[in-house]
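Here is what each chain is made of, one letter per residue.
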Amino acid sequence: MSAVIEVWDLSVHFRTTLGVVRAVEGLSFAIGEGETMAIVGESGSGKSTVAHALLRLVPDPPGKIVAGHVRFEDQNLLDLSDAAIRHVRGRRIAMIFQDAMAALNPVFTVERQIGEVLRLHLGLAPDRIAAEVVELLRLVGVPAPEARARQYPHNLSGGMRQRVMIAMALACRPKLLIADEPTTALDVTVQAQVLDLIQSLKARFGMAVLLITHDLGVVAETAHRVIVMYAGRKVEEGAVTDIFADPRHPYTRGLLEAAKREETEGAFLREIPGTVPSPFEMPKGCSFAPRCPDAFDRCRMEMPELRDVAPGRPVACFAAQGASR
Amino acid sequence: MTPVAETVLEARDLVKHFPVKEGLFAPARVVHALDGINLTLARGETLAIVGESGCGKSTLAKCLMRLEEPTGGRIVVLGEDVTHAGKRALRGLRRHLQIVFQDPYASLNPRWSIGAIVADPIRLHESLDRRARRDKVIELLRTVGLGPEFVERHPHELSGGQRQRVAIARALAAGPSIIICDEPVSALDVSIQAQVINLLKRLQRDLGIAYVFISHDLALVQHISDRIAVMYLGEIIEIADTRALRQRRLHPYTQALFSAAPVADPKLAGSKNRIILAGEVPSPLDPPAGCRFHTRCPYAEARCRAEAPPLRAAEDRLVRCHFAGESGFPPARVRPAREIES
Chain D
1 MSAVIEVWDL
11 SVHFRTTLGV
21 VRAVEGLSFA
31 IGEGETMAIV
41 GESGSGKSTV
51 AHALLRLVPD
61 PPGKIVAGHV
71 RFEDQNLLDL
81 SDAAIRHVRG
91 RRIAMIFQDA
101 MAALNPVFTV
111 ERQIGEVLRL
121 HLGLAPDRIA
131 AEVVELLRLV
141 GVPAPEARAR
151 QYPHNLSGGM
161 RQRVMIAMAL
171 ACRPKLLIAD
181 EPTTALDVTV
191 QAQVLDLIQS
201 LKARFGMAVL
211 LITHDLGVVA
221 ETAHRVIVMY
231 AGRKVEEGAV
241 TDIFADPRHP
251 YTRGLLEAAK
261 REETEGAFLR
271 EIPGTVPSPF
281 EMPKGCSFAP
291 RCPDAFDRCR
301 MEMPELRDVA
311 PGRPVACFAA
321 QGASR
Chain R
1 MTPVAETVLE
11 ARDLVKHFPV
21 KEGLFAPARV
31 VHALDGINLT
41 LARGETLAIV
51 GESGCGKSTL
61 AKCLMRLEEP
71 TGGRIVVLGE
81 DVTHAGKRAL
91 RGLRRHLQIV
101 FQDPYASLNP
111 RWSIGAIVAD
121 PIRLHESLDR
131 RARRDKVIEL
141 LRTVGLGPEF
151 VERHPHELSG
161 GQRQRVAIAR
171 ALAAGPSIII
181 CDEPVSALDV
191 SIQAQVINLL
201 KRLQRDLGIA
211 YVFISHDLAL
221 VQHISDRIAV
231 MYLGEIIEIA
241 DTRALRQRRL
251 HPYTQALFSA
261 APVADPKLAG
271 SKNRIILAGE
281 VPSPLDPPAG
291 CRFHTRCPYA
301 EARCRAEAPP
311 LRAAEDRLVR
321 CHFAGESGFP
331 PARVRPAREI
341 ES
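For the record, the sequence lines run as chains D and R. Per the working numbering, numbering through the first sequence is continuous, rising by one, with the last residue being 325. Per the working numbering, numbering through the second sequence is continuous, rising by one, with the last residue being 342.
Next comes chain D alone, as it looks inside the complex (with noise of 0.2 Å):
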């Protein structure tokens, strides 16, 4: 399987008055075709801020992106000028968000929108804009697409923008979806309804999708693969399959088990004791030492590399061992 994008080493810092926080230290992953990867972690754990990067979106100031090479359709997407990267942003990597109002402008319509990417990125004639912008409405399974072409995103619910927003991002059919927590913001039956609406048009256009999620559930259902990111880090990376049955790093670990919830009716919860690091006080081994029940000496005071404990599987631990536990 070829590599859809191959990300090498990136690291993004962001000056704060307190001091630097490493959102992101050297983080290393490919998406092949067609495949979805997760991107799984906590708030603060830089999920998000790894999404940004890849189309250069990171504000800077306070943010930059000091290390990193971006291999995307033989381009590095970190040298790109301004305008070259414009370029594939929206047309061949797209980009989905959680709050779907906020990526909407409120003052067009839905026409005009969609209308506007068809227009700038594909070159379309005006004459075949509207009829384009139905048939888009219609793909991502909008009811009445032509009245609601004509509508303005406060007319719409919330998952019926979501919906808009990924006809958006489908217009040029790109490469690679990025899903910044797609669903986090929608009803339960809802979700079931835009996650599945993803699955289908992904298969129909063979895109690459980079999902970015907090939430175990949406990753176990939807990805081939999943990265497990810890304070900016990578700590575990594998199949999906293969990361629920027989989790290797401890933080993967306790995440599942605190997600076993109706397996341990009566029981307490596992939970994982104290927070996550502040990004001022990053302790100085493994950050996740502080919180890890198999921490020893070395843990606390050095950082434990990637290493492959099977092959596909590499993990950020001294005490992961090769063979399961």
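Keep in mind that the hints were calculated from the coordinates and are not lab data. Each statement offered as a hint is correct.
The list that follows gives simulated cross-link-like pairs (lysine-lysine, DSSO-like), each with its CA atoms no further than 30 Å apart:
id	chain 1	residue 1	chain 2	residue 2
1	D	K175	D	K64
2	R	K62	R	K21
3	D	K260	R	K201
4	R	K136	R	K62
5	D	K202	R	K267
6	R	K201	R	K62
7	D	K260	R	K267
8	D	K64	D	K284
9	R	K136	R	K87
10	R	K267	D	K175
11	R	K201	R	K136
12	R	K62	R	K87
Just so you know, these numbers come straight off a predicted model, no measurement behind them.
Got chain D sorted already, so can you dock chain R onto it with the hints?
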């Protein structure tokens, strides 16, 4: 739950309507936030209220607390009708009935120290001298897993999980029998959620507090509650023991809701028989006639469009559906979810 358990909280035919005026000459319309809610809560029990946005679950929390005035019906706390209790009586009521909100960033006064926040209800309900009050604050903070050093701190210095612990300590300060938890962990990270949930369970075990636990997280609700009430458009549509509901869901909406919740197990992801509902929750301004769920129900028939089903006993629970509990329902050959209607 033994049937003799004492009822600490009861709602009878609770109704809350919000009038909305959309324009100067437009006729006033009514949001049907709650329509005839009946429920009871036993001492030391956890009753979960689940449903999607707009189902009325948060309005229910506010009405039970008398933070919203119900339009109709009764609220009984510890045997006392508090539906029309005045200011003084309300203060007494809040000794027994406390609330923890979703957003620990909005529910704590940013100018107050943690000590002052937790001491406030003590000042209101008990006459203790400064020293005794301070000791009690430290004791309460210890109960929720925070050290005495937190007394001097301010909310902005705390993480979300720590703030929610403070909110719980404040709720405990009055020594309540009932705490209404309105999405208490939704704003927290998964690893922190488990900490707060375990704290709530420990407090229930040690202090016998009953919870009304309002949440949209179905997995969590199944973990923490003894009974679950499912709401849709201002009505309870199914209420059952958690164990019974885990085994079988009788109402088509409950079935769809539980099947839609993503499960953190890729082995089940493919095999799960997911029911994807068409469309979205209709506006509570104009709830559909007949059964309120008929516009999205894959099994709706003519009767459902014409006649509103009552909440009736079916098997081991109450359910608001004409057909639920009948043999052969839902039909074996599921009709495909209809195309989404606007």
